[in-house]
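J.: Letter by letter, the chains look like this.
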Amino acid sequence: MKQYIRMMLFVIILGGVTSGLLVGMDLLTKDRIALNKEASIKSAILDAYDISYNLNNIHDIFETEINVIQYEGEDTFYVDNRTGQISYIFTGGGVWGTIRGVITFESDFRTVVNISILEQSETPGLGGVVAERWYLDTYIGTVFDTASPYIIIRHAQEDNLANEVDAITGGTRTSEKFMEILNTTYEAFKAKWDLVGV
Amino acid sequence: MKLIRLKYKKWFNILKDGISVNNPIVVTVLGICSSLAVSNKVENAIAMGLGVTFVVMASSAFISSLRKLIPGKLRMVTYMVVISTFVILVQMTLEAYFPIIAAQLGAYVGLIITNCIVMGRAEAYAVKNPVKYSLVDGFAAGMGYTFVLVVVSIIRESLAFGTILGFRVMPASFTNWSIMALAPGGFFVIALFIWGIREWLKFYESEA
Chain A
208 MKQYIRMMLF VIILGGVTSG LLVGMDLLTK DRIALNKEAS IKSAILDAYD ISYNLNNIHD
268 IFETEINVIQ YEGEDTFYVD NRTGQISYIF TGGGVWGTIR GVITFESDFR TVVNISILEQ
328 SETPGLGGVV AERWYLDTYI GTVFDTASPY IIIRHAQEDN LANEVDAITG GTRTSEKFME
388 ILNTTYEAFK AKWDLVGV
Chain B
13 MKLIRLKYKK WFNILKDGIS VNNPIVVTVL GICSSLAVSN KVENAIAMGL GVTFVVMASS
73 AFISSLRKLI PGKLRMVTYM VVISTFVILV QMTLEAYFPI IAAQLGAYVG LIITNCIVMG
133 RAEAYAVKNP VKYSLVDGFA AGMGYTFVLV VVSIIRESLA FGTILGFRVM PASFTNWSIM
193 ALAPGGFFVI ALFIWGIREW LKFYESEA
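Chains A and B supply the protein sequences, listed in that same order. Under our numbering, think of the first position of the first sequence as 208, with each following residue one higher. Under our numbering, think of the first position of the second sequence as 13, with each following residue one higher.
What the hints contain is simulated information worked out from the structure, not anything from laboratory work. Glycine included, every Cβ here is placed at the ideal spot set by N, Cα and C. Honestly, I wouldn't trust all of these hints.
As the list claims (entries may be wrong) - Simulated crosslink set (DSSO-like; lysine-lysine; CA at most 27 Å straight-line): (1) B:22 with B:214; (2) B:80 with A:209; (3) B:140 with A:209; (4) B:214 with B:85; (5) B:85 with A:209; (6) B:144 with B:80; (7) B:80 with B:214; (8) B:144 with B:28.
Claimed, not checked - One side of the interface only, derived from the structure: several residues of chain B facing chain A at Cβ under 10 Å: (9) 78; (10) 111; (11) 114; (12) 115.
All chains, please: the whole structure from these sequences, using the hints.
T.: This is the structure in structure tokens:
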């Protein structure tokens, strides 16, 4: 009997001490972790606009350079105060996991200035090329169409029209998924931009 | 202290054995899962190795200090609770103060809880030995793990990406061996490495 009491007591004390340690650590770091998550989104936007910053002044620079417009508190447009370029974060399902990135348009909301990928889990070397700089640079200057499909990612011999881009060799399914993500998110964000945009 | 006396010191022998004869990955083949996944880039390997070393040292020391109080039937439960606490502390620290490394290591910091090396050293050594030797043993196991991880990741990163720690080492005409960035490449390199080290140590499976 005594040994069972001893075991119970031990478990309770051990649980109490470790929980206390964890709660204390959580209180210490919670704010910093939330700030870091914000900073990662902000650094993606600032990189897309080619604005230099460092980890100390990132929040201040973001305040002054970027105008954040929120539609119904969820969909957020990041507008550069100097150039009028507009960015939003797109998310969608790739072949293996979520593809999340930032796309930046000129103030006409049709010409692409930059695309960057924040997270993806595609096959390295094949579909994973979707996150590589040289591939995303082929999207610069593409003009989204006014009707669906807005952008076409294709394998073909002939030259591309203004709204067409080459697909990834060996990454056919990723290219198809990426096209679907870009088109769906563009349609949704364009409708909201027409309502709230400047 | 005179250098010649060093090889009779107990802590030196624990340290030496932990890296060579008792190397967790090569000899006891523990902790393979994370070593396959994290060893594709050298900086990830270094960060993971340091994380595991800290967790093994801290949990071994903690368990060793409690070894007289732990009831016999609750050993495994205690190890789990203590190890999980330390890993969550490490994870919170990384996310708060080193967010870039935390993003690159991703889920693998949390997986240190399942890393057999930590539990293995706790059960095999920490619960039977005083605190200072448990600390040295934990450090040795962690360093053995880090050593293997860094060597494997040097091979894999230079073949798969052509760089080491971001510095280009392969000539520009080299085609990347993408398989080295994926799991099969990890299996091949670690298997060859285990074979090589065991041959060098003359450590063969005994015919029973």
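J.: Confirm or reject each hint.
T.: Hints and how they fare:
With a C-alpha separation of about 23 Å, the suggested pairing of residue 22 of chain B with residue 214 of chain B holds against the 27 Å cut-off. The straight-line distance between the Cα atoms of residue 80 of chain B and residue 209 of chain A is roughly 17 Å, inside the 27 Å bound, and the hint therefore holds. Of the pairs offered as hints, the one joining residue 140 of chain B and residue 209 of chain A holds, with about 24 Å between alpha carbons and a cut-off of 27 Å not exceeded. Taken as a hint, the residue 214 of chain B and residue 85 of chain B pair is broken in the structure, with Cα atoms around 38 Å apart against an allowance of 27 Å.
Of the supplied pair hints, the one linking residue 85 of chain B and residue 209 of chain A holds, its CA atoms being roughly 14 Å apart against a limit of 27 Å. Our distance criterion of 27 Å between C-alpha atoms is met by residue 144 of chain B and residue 80 of chain B, whose separation comes to about 15 Å. This hinted pair does not check out: residue 80 of chain B and residue 214 of chain B have alpha carbons roughly 38 Å apart, beyond 27 Å. Among the hinted pairs, residue 144 of chain B with residue 28 of chain B is consistent with the structure: their alpha-carbon atoms are about 16 Å apart, no more than 27 Å.
Checking residue 78 of chain B against chain A: minimum C-beta separation of about 8 Å stays under 10 Å; hint holds. Taking 10 Å as the C-beta cut-off, the interface hint given for residue 111 of chain B holds, the closest approach to chain A being about 4 Å. Interface hint at residue 114 of chain B: satisfied, since its Cβ lies 8 Å from the closest Cβ of chain A, which is below the 10 Å cut-off. Hint on residue 115 of chain B holds. Least Cβ distance to chain A is approximately 7 Å, under the 10 Å limit.
Hint compliance for this structure: hints 4, 7 are broken, all remaining hints hold.
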